[in-house]
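Colleague: Chains as they are written, first to last, in the working numbering: chain Z, 1 to 206; chain H, 1001 to 1187; chain X, 2001 to 2109.
Keep in mind that the hints are not guaranteed to be accurate.
Interface residues of chain H toward chain Z, partial, derived using beta-carbon atoms under 7 Å [what the hints assert, rightly or not]:
id, residue
1, 1013
2, 1038
3, 1129
4, 1131
5, 1132
6, 1134
7, 1135
8, 1152
9, 1164
10, 1173
Just so you know, these hints were derived from the structure itself, not from any lab.
Owing to the predicted nature of the structure, the values given are computational and were not obtained by experimental measurement.
Even for Gly, the Cβ is constructed at its ideal location relative to N, Cα and C.
Each chain is listed here by its residues.
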Amino acid sequence: MSDEIALEGFEPADLDGHTIDELSDYLEAGCLPFDPSIESSPGCQIAMAALIRLRGVSLSLLETEAIDEPARDDSWVAGILNRIGFEAQAGRSIPVSHPSAQAFLTLTEGAVRGLIRAAGDSVTGVLIGRCRLQGDVTVPGEPITVLVDASVFWGESIPEAAARVREAIYAELLKHTELTIAAIDVVIHDVHLSRSLGEDAAEEIE
Amino acid sequence: MDVHSPPSLSQADDRTIVGRAADGDVRAFEVLVRRYGPLMRAYATRVLGSNDETDDVVQESFITAWQQLSTLTDAGVVKSWLMRIVSRKSIDRIRARKQHVDIDDFEQEAPRAHGPERIAEAHSREAALSRALRAMPAQQRQCWVLKEIAEYSYDDIAAELDLPTSTVRGLLARARKNLMREMEEWR
Amino acid sequence: MDDRTALTRDLTDLVRLIPGVAAVYSSGPVVVEAVSAVTQVVLRGAVAHDVVAVAEANGGLTVSVTIGVSEGLPATEVCRQVYDAIAERLLLGGMAETASIAVKVARIG
């Protein structure tokens, strides 16, 4: 490893006085500002093409290696899942009423979000994403708006699915909590259910 | 995808999976682990130079991710967010090693034996790059991986590796030359 | 085994038997009871030892428990029944003044 390795075809003499490192920086800057002495030099163009190829192979290397990775057995995944706790996602404490002054009864916000997810998922063709309880859930009687992100599978009617999601969530919240539900907003964000994120076909219903 | 099969978590998009996991859905988090675990393992192996500590590093990364998922506001960047976490954990390992071993290049190990599948792809450019990276001095390789794969800036690399930015530039220039020379042979 | 350990065990057994209670979680960091999405591997062994926390403050006894409830019965009802059962047991056991009993539902269904 030495600075002195000569790279045939990529030395300043071949690059009209430029260095490979300058060209790398130029590429990184998006070839801006435009440099006529680089752009008009065939040597520089060849070298930049080589740099771009190298970068491309570097990027695809990991993806290829990830595919080649020996499949991890379930104990590896279990090793991770065994070490995570509920606390980070427990959220706020939602009071449950009781006549006794010694009683401090609560549902965690995390438990209620889990309930909402399960209710929404029970609707055919729907997968619930993130959900939010808007309003001060720690105060009894406070009006709460439920915001739910959902994916609807192709072939299902979006407004119908959203209506059924709302009904299912409302029924469960009524059964298990004492929350005062002001509204349930369902945002359908992706009807493809594909792994690519790309286009966000958001459609707000309510 | 079969239109008639019910939607399944393992096929859901990142936004759905990340949203659920941030809300405490362990099954969604498991999907995230299976989806990005292999890439993170490949990455950690590259940065660390061997796969002895890869399992630990990636497991630690996912535990950190679980704790911090609710702070991730844009689910669309979850992949690069996870790569940042595994970068940082890998670099922590390198730092810890440095305190024990006072030499620049800790992995002088002989090249690992290649399985038949590796030999089969030996002609591909990626395999050549992989070999070249493995043969490179550790710091050069770390700089290259952080720069070209994790897309860190010079300053970020300098901060992460506790090196002056000028040194990082020098290491990257040498790495570039080494790899360009390898590339000559691919043509 | 001191009195408090005995009481903890007694209350844990009591709570676990209340209809609608699916799990009693450790008062320390709760380890997730994970069911694998892809393989359906059930990691029940990962659940921390069940425990109802009992402590003595100057106002009297404080009891706290974190539970998971099943979908069948309303979570609020199960939560109240857990409170009532603990309060009754403490009363019958002739316990000193009870300062507070906290029941937290961390999982529904």
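Colleague: For each hint, tell me whether it holds in the structure or not.
Modeller: Now the hints, each set against the structure:
Checking residue 1013(H) against chain Z by beta carbon gives a least distance of about 5 Å; that is within 7 Å, so the hint holds. With 7 Å as the threshold, the beta carbon of residue 1038(H) comes within range of chain Z, its nearest partner Cβ sitting at about 4 Å, so the hint holds. Given the 7 Å rule on beta carbons, the hint for residue 1129(H) holds: about 5 Å separates it from the nearest Cβ of chain Z. Among the interface hints, the one on residue 1131(H) is violated; its C-beta lies about 11 Å from the nearest C-beta in chain Z, farther than the 7 Å criterion.
Hint status for residue 1132(H) relative to chain Z: violated, with the closest Cβ pair at about 10 Å, above 7 Å. The closest approach between the C-beta of residue 1134(H) and any C-beta of chain Z is roughly 11 Å, which is over the 7 Å cut-off, so the hint fails. For residue 1135(H), the interface hint is violated, since its Cβ never comes within 7 Å of a Cβ in chain Z; the closest pair sits about 10 Å apart. Hint on residue 1152(H) is violated. Least Cβ distance to chain Z is approximately 12 Å, over the 7 Å limit.
For residue 1164(H), the interface hint is violated, since its Cβ never comes within 7 Å of a Cβ in chain Z; the closest pair sits about 16 Å apart. At its closest, the beta carbon of residue 1173(H) sits 5 Å from a beta carbon of chain Z; the interface hint therefore holds under the 7 Å criterion.
Violated hints, listed in ascending order, are 4, 5, 6, 7, 8, 9; each of the other numbered hints is respected by the structure.
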